[in-house]
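With the sequences and hints as input, model every part of the structure.
Everything in the sequence shown is counted per this note's numbering, starting at 713 for the first residue and increasing by one.
Hints are not guaranteed to be accurate.
[Unchecked claim] Keeping only pairs whose Cα atoms sit at most 27 angstroms apart, straight-line, the calculated DSS-like set for lysine-lysine is:
#1 Lys783 x Lys745
#2 Lys760 x Lys798
#3 Lys800 x Lys787
#4 Lys738 x Lys760
[As the list claims (entries may be wrong)] Simulated restraints, written as ranges between beta carbons of each label pair:
#5 Asp720 x Lys800: 12 to 22 angstroms
#6 Ala751 x Ile777: 34 to 44 angstroms
#7 Asp781 x Leu731: 20 to 30 angstroms
#8 Asp771 x Glu799: 27 to 37 angstroms
Derived from the structure by calculation, the hints contain no laboratory data. Since we're looking at a predicted model, the values are computed, not measured. Where a beta carbon is used, it is the ideal one built from N, C-alpha and C, also for glycine.
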Amino acid sequence: MENIIKCDKITKIYNQGSLNETIALKSVSFEIKKGEYVAIMGPSGSGKSTLMHILGALDSPTGGIFLLDGKDVSKMSDDELAEIRKEKIG
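Written out as structure tokens, the structure reads:
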């Protein structure tokens, strides 16, 4: 079965290069196939919301690759992201 979502070494750093740099996600990798159900779980501050913002095409990772239906979301324009959110995410 094909992957609907593939994250390969996703990293998200807020305030990168500043004194208050915060690493929200560090090298997160996983695949979700069509028909699978997945739960994102973890303690407060573990990056769940940050990951969901990236998966919802509302934010971009600082590093790594996020593929949605085989397409690299991080390289899409704002118009393409809006279309993806409308057609694929809801």
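Of the hints stated earlier, which fail here? Result: hints 6, 7 and 8 break, sorted rising.
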